[in-house]
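Student: Residue strings, one per chain:
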Amino acid sequence: MRLFLPLLLAVFSTAALAEVPTHRLVIRDHRFVPAELVVPAHKKIKLVIVNEDPTPEEFESHELNREKVVTGKGTITVFVGPLKPGRYPFFGEFHMDTAQGALIAK
Amino acid sequence: MSKSSLRHPLCLALLGLLAAPVAHAGPADTVYAPIVEKGETEFELRGGYRDFAGAPSEHAFVFDVGYGVTNRWKTELVLEYAAEEGNPGTLEAWEWENIFVLTEQGEHWVDVGLFFEYENVFAAGPDEIKFGPMFQKEIGPTVANLNLLLEREVGDDASDETELAYTWQVKWRGQEKLEWGVQGFGGLGAIDDLGAEDEHIAGPALFGLRRLANGNKFGYNGAVLAGLNDAAPDVTVRFQLEYEMY
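These protein sequences, in sequence, are chains A and B.
In case it helps, our numbering puts the first sequence at residues 506 to 611.
In case it helps, our numbering puts the second sequence at residues 862 to 1107.
Same shape as in the complex, but just chain B (with noise of 0.2 Å):
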């Protein structure tokens, strides 16, 4: 990358939010996608448990409800609790998530949004942001997803660094109630040093979706993945139950 090409201003902005102390994957990640269905109300719980080789295991659990405000944008109210092994589980943060929908689902090469987080840690030290594109890509019964997250502390004593971290998956749609497919996760470290301290899981998932009687649906997702170097954990387990009404 030129000099003259840094100075670009879309770069700078970039640029601005970077420098990063390492994002790691947490247990309760999951695989957010550029699509908004306006006027419904989502009751999310998810969470995970991960291993690690010679270090303490640890497992986390989100509670979730969000509401598609518009075609465009979606917000949600999100609830962590987290614990280590030996140590008793605390609620950890509240977060306000927001998903905004760029592009119209499937007008263009791939489908574009936005996400915006912004974690309220309820221990004494700083906050973080957390935002980044999101895109979706359909080819024929295949949907693979791709969120690029910058994340940053914001508040006092707020490190002065930005982290890049991802998710991703690839979905083969076959019968609603059972797909198949793989997830990944990972962290990229510091942007000013990408791939100095990272860390990549990834593993097969499932998906389903079950109609309810009442109009209702109930959606749900899973997956076991292995580290795939030496920083990650060794084993992570992760689920997701989601309940949608109008």
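With the rest of the complex left out, here is chain A (with noise of 0.2 Å):
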């Protein structure tokens, strides 16, 4: 019990020490901006998607293993990696003819 409590501390409190990239991801018109965003491989990330569309849209990706809804005029935060190199697509499902994109992590 005595290690509990400071362990548990440590593991939640990791985030707040290490400084976590931040990137903007916009949805705009069904369609994300930038289509494609460099981040930094072997990293957390940390996406704030904002959708300046007024109806909701879902940010998926398999590759990523993350599925959110972001309501419209919204905002949510996903966390993300870290990441090999390489090229992780993602979508939107509620638009997928239009809502494409892909971190392109290096």
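Keep in mind that the hints are not guaranteed to be accurate.
[To be verified] With a Cα cut of at most 30 Å, we get these calculated DSBU-like pairs of lysine-lysine: (1) Lys-549(A) with Lys-1038(B); (2) Lys-551(A) with Lys-1078(B); (3) Lys-578(A) with Lys-1078(B); (4) Lys-1038(B) with Lys-611(A); (5) Lys-998(B) with Lys-611(A); (6) Lys-998(B) with Lys-548(A); (7) Lys-589(A) with Lys-611(A); (8) Lys-1038(B) with Lys-1078(B); (9) Lys-551(A) with Lys-1038(B); (10) Lys-589(A) with Lys-1078(B); (11) Lys-549(A) with Lys-991(B); (12) Lys-551(A) with Lys-578(A); (13) Lys-991(B) with Lys-551(A); (14) Lys-1038(B) with Lys-998(B); (15) Lys-548(A) with Lys-589(A).
[Claimed, not checked] For each label pair, taking beta carbons as the anchor points, the in silico distance ranges come out as: (16) Tyr-1104(B) with His-535(A): 22 to 30 Å; (17) Phe-983(B) with Thr-527(A): 26 to 34 Å; (18) Ala-1057(B) with His-535(A): 56 to 64 Å; (19) Arg-529(A) with Gly-950(B): 50 to 58 Å; (20) Met-601(A) with Leu-906(B): 52 to 60 Å; (21) His-535(A) with Val-1085(B): 42 to 50 Å; (22) Ile-609(A) with Lys-1038(B): 22 to 30 Å; (23) Val-538(A) with Asp-1095(B): 55 to 63 Å; (24) Tyr-1104(B) with Met-601(A): 30 to 38 Å.
No wet-lab data here; the hints were simulated from the structure.
Beta carbons: idealized from backbone N, C-alpha and C, even for Gly.
Need the complex rebuilt from these two chains, each delivered in its own frame; the hints are there to steer you.
Tutor: Have a look at this one:
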């Protein structure tokens, strides 16, 4: 028990202690802007996704293992990584014909 | 564990739930993840069959409707049917399940959630509550989940004991339509006498997801689990089907 609480605090304070690169992704007219976003490899990444459209969208990616709805005119935060160098596609499930993008980790 | 540490408030709160009859993994049990999708409605059918050496086999089915109320809370209503070899099956209970997401996915070293369930048993006897932490950890393409579940009877004639059960899985994310992994389920018995009465099963599992033309999704997983000790069923076969929509 003496070790449990300090260990718990250590696990959940890592985000506060480490600087997490933040990148902004915008949803506009059912498209991601930018469509391709370059992010550093081997680091945890914080994506701030801003939906400028009035209707909701779902940010989803099998490769990133993430799925999250962003309301119309809303903002969400998605943490991914660390990612190996490569291309990680994502899409907007509610408008898949136009809402396509990718993270490029390098 | 020292006496002084046992008096720690967190420890006392947990101990307050302790002492329980054996928590057996049911054939329709599943592994929960601390992930919720706001606004998503889910229809789920899961079931399982388990075979015991020298004892009647059992099977059970669960029908479940769930809804993501917020990004942090999903609630589900569940109906359970069960049968034992040689006896007719019956509707056993309805359950109210809840998943609370405590951490943002991927932000910390591990994702954490809390599971809470209230089970109303149709037959005469006590109801049951079940709750405990859920953990998810991603390492590259591998996703591991662990649920620790404290189970306790409530109501008339309820036992004053609490049991500890667990479910876990490790999945290697590959093709979305077919992924492989392993699952395990078990019980460790009464909290004040862990290991005295326990059962453990584990085995290979497969998972998959199909995206439908209407934008909804159909998910599936199944496993064949072998008993790992004498108290466990020799073989358990389980499946889970999910239809997800907005």
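Student: Now, for every hint given, state plainly whether the structure supports it.
Tutor: A quick look at each hint next to the structure:
1. Lys-549(A) with Lys-1038(B): 27 Å, holds
2. Lys-551(A) with Lys-1078(B): 27 Å, holds
3. Lys-578(A) with Lys-1078(B): 25 Å, holds
4. Lys-1038(B) with Lys-611(A): 28 Å, holds
5. Lys-998(B) with Lys-611(A): 23 Å, holds
6. Lys-998(B) with Lys-548(A): Holds, at roughly 16 Å.
7. Lys-589(A) with Lys-611(A): Holds - the C-alpha atoms of Lys-611(A) and Lys-589(A) are around 8 Å apart, at most 30 Å.
8. Lys-1038(B) with Lys-1078(B): 11 Å, holds
9. Lys-551(A) with Lys-1038(B): The given pair, whose Cα atoms are some 28 Å apart, holds under the 30 Å limit.
10. Lys-589(A) with Lys-1078(B): Distance ~28 Å between Lys-589(A) and Lys-1078(B) Cα, so the pair holds.
11. Lys-549(A) with Lys-991(B): 34 Å, violated
12. Lys-551(A) with Lys-578(A): 19 Å, holds
13. Lys-991(B) with Lys-551(A): 34 Å, violated
14. Lys-1038(B) with Lys-998(B): 21 Å, holds
15. Lys-548(A) with Lys-589(A): 9 Å, holds
16. Tyr-1104(B) with His-535(A): 22 to 30 Å: 25 Å, holds
17. Phe-983(B) with Thr-527(A): 26 to 34 Å: 52 Å, violated
18. Ala-1057(B) with His-535(A): 56 to 64 Å: Holds, at about 59 Å.
19. Arg-529(A) with Gly-950(B): 50 to 58 Å: Given a distance of about 55 Å, which is inside 50 to 58 Å, the answer is holds.
20. Met-601(A) with Leu-906(B): 52 to 60 Å: 27 Å, violated
21. His-535(A) with Val-1085(B): 42 to 50 Å: For Val-1085(B) against His-535(A), whose Cβ atoms are near 43 Å apart, the range 42 to 50 Å holds.
22. Ile-609(A) with Lys-1038(B): 22 to 30 Å: 25 Å, holds
23. Val-538(A) with Asp-1095(B): 55 to 63 Å: This hint holds: roughly 57 Å between Cβ atoms.
24. Tyr-1104(B) with Met-601(A): 30 to 38 Å: Once the Cβ atoms are compared, 19 Å apart, the range 30 to 38 Å for Met-601(A) and Tyr-1104(B) is violated.
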